[in-house]
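Chemist: Spelled out from the first residue to the last, the chains are:
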Amino acid sequence: MPDRYSPLHQLHVDAGASFTDFAGWQMPVSYGSDLAEHHAVRTSAGIFDISHMAEIRVDGPDAAAFLDYALAGKLSAIAPLQAKYSLLLTEQGGIIDDLVVYRGGDRPSAFLVVANAGNRHEVVMALQERSAGFKVAVADESDIVSLIAVQGPLARGIVEAVLADDLSELKYYWGHETTWQGGRCFVARTGYTGEDGFELYINVNQAAELWGALRAAGGDTLSPAGLASRDTLRLEAGMPLYGHELGVDTFPVQAGLGRVVAMAKEGDFVGRAAVEAGPASTARLLVGLTTEGKRAGRAGYPVFDGDREVGVITSGALSPTLGYPIAMAYVDPDAAESTSLAIDVRGTRIDASVVKLPFYKRESK
Amino acid sequence: MADATTLQYTAEHEWVLVEGDTATVGITAYAAEKLGDVVFVELPKVGSDVASGTVVGEIESTKSVGELFAPVNGTVAAANDAVVSDPSLVNSDPFGEGWLIKVAFTSLPTLMTYAEYSELVGE
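Read top to bottom, the protein sequences are chains A and B. Under our numbering, the first residue of the first sequence carries the number 1, and numbering increases by one thereafter. Under our numbering, the first residue of the second sequence carries the number 1, and numbering increases by one thereafter.
What the hints contain is simulated information worked out from the structure, not anything from laboratory work. Each residue gets a CB set at the ideal place from its N, CA and C atoms; glycine is no exception. Be aware that one or more of the hints could be misleading.
Here chain A is said to cover these stretches of chain B; the calculated rule only asks that three of the stretch's residues, wherever they fall, bring their Cβ under 8 Å from a Cβ of chain A [stated by the list, open to error]:
| no. | stretch |
| --- | --- |
| 1 | 37-44 |
| 2 | 60-66 |
Far from chain B by the CB rule (all over 10 Å, computed), these chain A residues [to be verified]:
| no. | residue |
| --- | --- |
| 3 | Ala-15 |
| 4 | Gly-118 |
| 5 | Leu-241 |
| 6 | Leu-285 |
| 7 | Asp-334 |
Straight line, CA to CA, 20 Å or less: simulated SDA-like cross-link-like pairs of lysine to any residue [to be verified]:
| no. | chain 1 | residue 1 | chain 2 | residue 2 |
| --- | --- | --- | --- | --- |
| 8 | B | Lys-34 | A | Val-355 |
| 9 | B | Lys-34 | A | Gln-26 |
| 10 | A | Lys-294 | B | Gly-20 |
| 11 | A | Lys-294 | B | Val-65 |
| 12 | A | Lys-294 | B | Ala-82 |
| 13 | B | Lys-45 | A | Ala-23 |
| 14 | A | Lys-294 | B | Asp-81 |
| 15 | A | Lys-294 | B | Glu-19 |
| 16 | B | Lys-34 | A | Asp-3 |
| 17 | B | Lys-102 | B | Gly-20 |
| 18 | A | Lys-361 | A | Leu-322 |
| 19 | B | Lys-34 | A | Gly-24 |
| 20 | A | Lys-294 | B | Pro-44 |
| 21 | B | Lys-34 | A | Ala-23 |
| 22 | B | Lys-45 | A | Arg-295 |
| 23 | B | Lys-34 | A | Ser-18 |
| 24 | A | Lys-294 | B | Ser-88 |
| 25 | A | Lys-294 | B | Ser-64 |
| 26 | B | Lys-34 | A | Leu-322 |
| 27 | A | Lys-294 | B | Lys-102 |
| 28 | A | Lys-294 | A | Asp-332 |
Just chain B, with the same shape it has in the complex (with noise of 0.2 Å):
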């Protein structure tokens, strides 16, 4: 499980990993605890090009449908299957084996250091 205070966030409630020209991409267990029991991922497709911004991904639960924003631009490297095959994943570990793709990005906005998503969530 990555250590949540060096990673990196969106106002959509994602974390990101940056290693070298990769983001790895997440949501915040405050996201999964929000949804509540996932039960269905859609990831997009390795080798595709998203967008900063775009929906490329949904995160269902029992009662809702959460959307998987791309946090930056590039071409997706990795989408996690495990998380796939078991969605649960995502609330048990959302910062480590519930990550959901990893991005070789182009560029990379500005994101939220900790403390500003803590804000953001009032926590």
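Next up, chain A with everything else stripped away, as it sits in the complex (with noise of 0.2 Å):
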């Protein structure tokens, strides 16, 4: 496969990034201090290109009904313009993708499904199939939606200034249809970072621009920030990343997400009964560790209770804002309750603490 280039990218290039394939994608790693990004987004803002993400419209009649069935979560209570986190799931109770998914303003019959770019196309193909006998058209709008990600306490300042609109009422995960530059632009108060922050959704031919306007809009106290700050970021604030702590061999309850599943919903939903019945009660959890030092445990390090290997480091590193590191790890069910815990770092025993998610909360206003 040949890379695919975000409509941002020469400006990507032009402002000093260096960049990774991110599934098949080549993005912005980092401007130049992935640190300094991290830290911008913590205590200023940050602006993130995310034009990679799958953006999937689910229109129809029978649309709310339809994603009762097709993802685990009750799709169809969410009001116009609120935004859900939710899971496609395996007829086996599996992670398919983790999706945040918008409900339509001015059309409540449409649903905006956004998906992480490594999974667009099994969540297309899933939907789709899973839609036979629903009024309800599945249409992967990835390629002419953009995303940008702006983040961090300054954030809402910033895209006010640029969308001319008033967001102080707009809550977490609620979403905002507006007009920018004579185009479509929508809005949410929703991101990946544990910041408060905003997510706008433009076409292609108008990203490159909003970018630079909010750029322009930030000046000093708006840092653009690339995938590396994006994952420290995350795993600061606790939040899964498909690949490390999510997988089609994951049940939302091990990865903590059992919430995220609407049992007490009406009718069946694809991979009910596999939840229902649940994993073995062998199966690992998905818990949060910290470790003294500076030496990190990474994605793939064992985890130990004595001599005995209890579980594997899903994602890790120094925390910034912490100055300590921080690792998820799923672990044997009695090992998420050990005092005794220790991580191999490159042969090297370091002890663990299990610790509460997330590792850091913003302070609350």
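Make one complex out of these two single chains by using the hints.
Modeler: Structure representation (structure tokens):
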């Protein structure tokens, strides 16, 4: 497969970004210093190009009922303009992808399903297959929609200045339909950093111009930020990343996402029987781990309880905000309560403590 | 900061400055950029013997871990404590203040020239 490029690619090149392959896309990994970008998001604001994300439009008289069947959550319960985090499960209860679903405001029969770039085709295929018998159209709009995230304590003022909108009343996990320079723009108070922030959906033809307008409005208070800082930010915020904490072999309850599955909703949904039966009682559980010093556990490193290997790290880094190493790991159920865990960092055992996720929570105002 | 064009290089993205029987070793700007912000550096102890091609230290960034290979056979004559206490020097001045170790070498393998290394990294 040839590399894919964001519509903003040239802007990133001009800004001195270094790039990495992400699900076949050449995306900015940083613009010079991932640490500076991380701190900018925590203390000021950062702007991310996440145009590689997949946008799938589900529209029709049966759209809400269809999503209740196709996804783990009760999407029919969300109000126009509301967002919901959800999961697409296999019949066996595994996770095909984690998603954010928005309901249209002007058009409540329409939903926008936002999926991970690497799962785009699996999600589109699953939704199309599951739509049989429902009056609904599933359309992959990823190639015409760009996504720009502005995150951080100063994000609101920057987005408001560009959109000429008051977003003070927009609640977390709600969206707002507006226009920008004559084109449609959907702005949602969502993100993947643990900070206040917004995600702006815009036609690819306007994406570069919108990026430029946001950069201009933010000035020195807004740092372009790449995937490296996005990863450390989401890890601090305890947010799972598909392929690390989530996969087709993972039940939602193992990942701490049992609440995302609406067991109480009426009717069948794909994966229901398997989720009701649940994973084996020995199935590993996701936990947060912290260690002392500076050497971080990384994805794939084993977790020990005494001499017994009880788990494996799925993500880990030296937390830029907290100053000590943090990791997420899957461990045996009894180890999730253990006070004698250690991680193996390339041959050296380092004592680890199980902590409640998230590692970092912003102060609420 | 050393003149990058006069240094020698390894395929592991390290630079070597040879002065008499001492080789000063660091990682290249290319490697530092690929690693991202360096947050932890572990260096071999002064006086320890090192063998060319073996791992003698670690350079960790927020997102990955790089290994420090000894480019020569010899004895560690100095380790840069400044980099251990401030690993960001590897990013800000990889060819200068971000140097890692000095090795009193007993033999010097054939290393790459600046032109050869530039070709390797496609620059």
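Chemist: Give a verdict on every hint.
Modeler: Tested hints:
Interface restraint, the stretch 37-44 of chain B with chain A: holds (4 residues with C-beta to C-beta distance below 8 Å; minimum three). Counting residues of the stretch 60-66 of chain B whose CB lies closer than 8 Å to any CB of chain A gives 6, which reaches the minimum of 3, so the coverage claim holds. Separation of Ala-15 of chain A from chain B is adequate, the least Cβ-Cβ distance of about 14 Å exceeding the 10 Å criterion. Every beta carbon of chain B lies more than 10 Å from that of Gly-118 of chain A, the smallest distance being close to 18 Å; the non-interface claim holds.
Annotated as non-interface, Leu-241 of chain A keeps its C-beta farther than 10 Å from every C-beta of chain B; the closest such distance is 12 Å. With a least beta-carbon separation of about 25 Å from chain B, Leu-285 of chain A lies farther than 10 Å from that chain, consistent with its non-interface assignment. Against chain B, the non-interface label of Asp-334 of chain A holds: every CB pair exceeds 10 Å, the least being about 30 Å. Among the hinted pairs, Lys-34 of chain B with Val-355 of chain A is inconsistent with the structure: their alpha-carbon atoms are about 31 Å apart, more than 20 Å.
Between the alpha carbons of Lys-34 of chain B and Gln-26 of chain A the distance comes to roughly 14 Å, so the proposed pair stays at or under 20 Å and holds. For the hint pairing Lys-294 of chain A with Gly-20 of chain B, the CA-to-CA distance comes to about 36 Å; that exceeds 20 Å, so the pair is violated. With a C-alpha separation of about 12 Å, the suggested pair Lys-294 of chain A and Val-65 of chain B falls inside the 20 Å cut-off, and the hint holds. A C-alpha spacing of about 16 Å is found between Lys-294 of chain A and Ala-82 of chain B, which places the hinted pair at or below 20 Å, so the restraint holds.
At most 20 Å may separate the alpha-carbon atoms for a hinted pair to count; Lys-45 of chain B and Ala-23 of chain A exceed this at roughly 41 Å. Distance check on the hinted pair: Lys-294 of chain A and Asp-81 of chain B sit about 16 Å apart at the alpha-carbon level, within 20 Å; holds. With a CA separation close to 33 Å, the supplied pair Lys-294 of chain A and Glu-19 of chain B exceeds the 20 Å bound. For the given pair, Lys-34 of chain B sits about 19 Å from Asp-3 of chain A by alpha-carbon distance, which is consistent with the 20 Å threshold.
Distance check on the hinted pair: Lys-102 of chain B and Gly-20 of chain B sit about 12 Å apart at the alpha-carbon level, within 20 Å; holds. Taking the CA atoms of Lys-361 of chain A and Leu-322 of chain A, the gap is near 11 Å; set against the 20 Å cutoff, the hint holds. About 18 Å separates the Cα atoms of Lys-34 of chain B and Gly-24 of chain A, which keeps this hinted pair within 20 Å; it holds. A threshold of 20 Å between alpha carbons decides the hint, and for Lys-294 of chain A with Pro-44 of chain B the separation of about 17 Å falls inside it, so the pair holds.
Taking the CA atoms of Lys-34 of chain B and Ala-23 of chain A, the gap is about 18 Å. The hint holds against a cut of 20 Å. A C-alpha spacing of about 18 Å is found between Lys-45 of chain B and Arg-295 of chain A, which places the hinted pair at or below 20 Å, so the restraint holds. The suggested pairing of Lys-34 of chain B with Ser-18 of chain A holds, with an alpha-carbon distance near 8 Å, which does not exceed 20 Å. Taking the CA atoms of Lys-294 of chain A and Ser-88 of chain B, the gap is near 14 Å; set against the 20 Å cutoff, the hint holds.
Of the pairs offered as hints, the one joining Lys-294 of chain A and Ser-64 of chain B holds, with about 13 Å between alpha carbons and a cut-off of 20 Å not exceeded. A C-alpha spacing of about 24 Å is found between Lys-34 of chain B and Leu-322 of chain A, which places the hinted pair above 20 Å, so the restraint is violated. A distance of roughly 24 Å separates the Cα atoms of Lys-294 of chain A and Lys-102 of chain B; the hinted pair therefore is violated under the 20 Å criterion. Distance hint between Lys-294 of chain A and Asp-332 of chain A is unfulfilled; the C-alpha atoms sit about 26 Å from each other, more than 20 Å.
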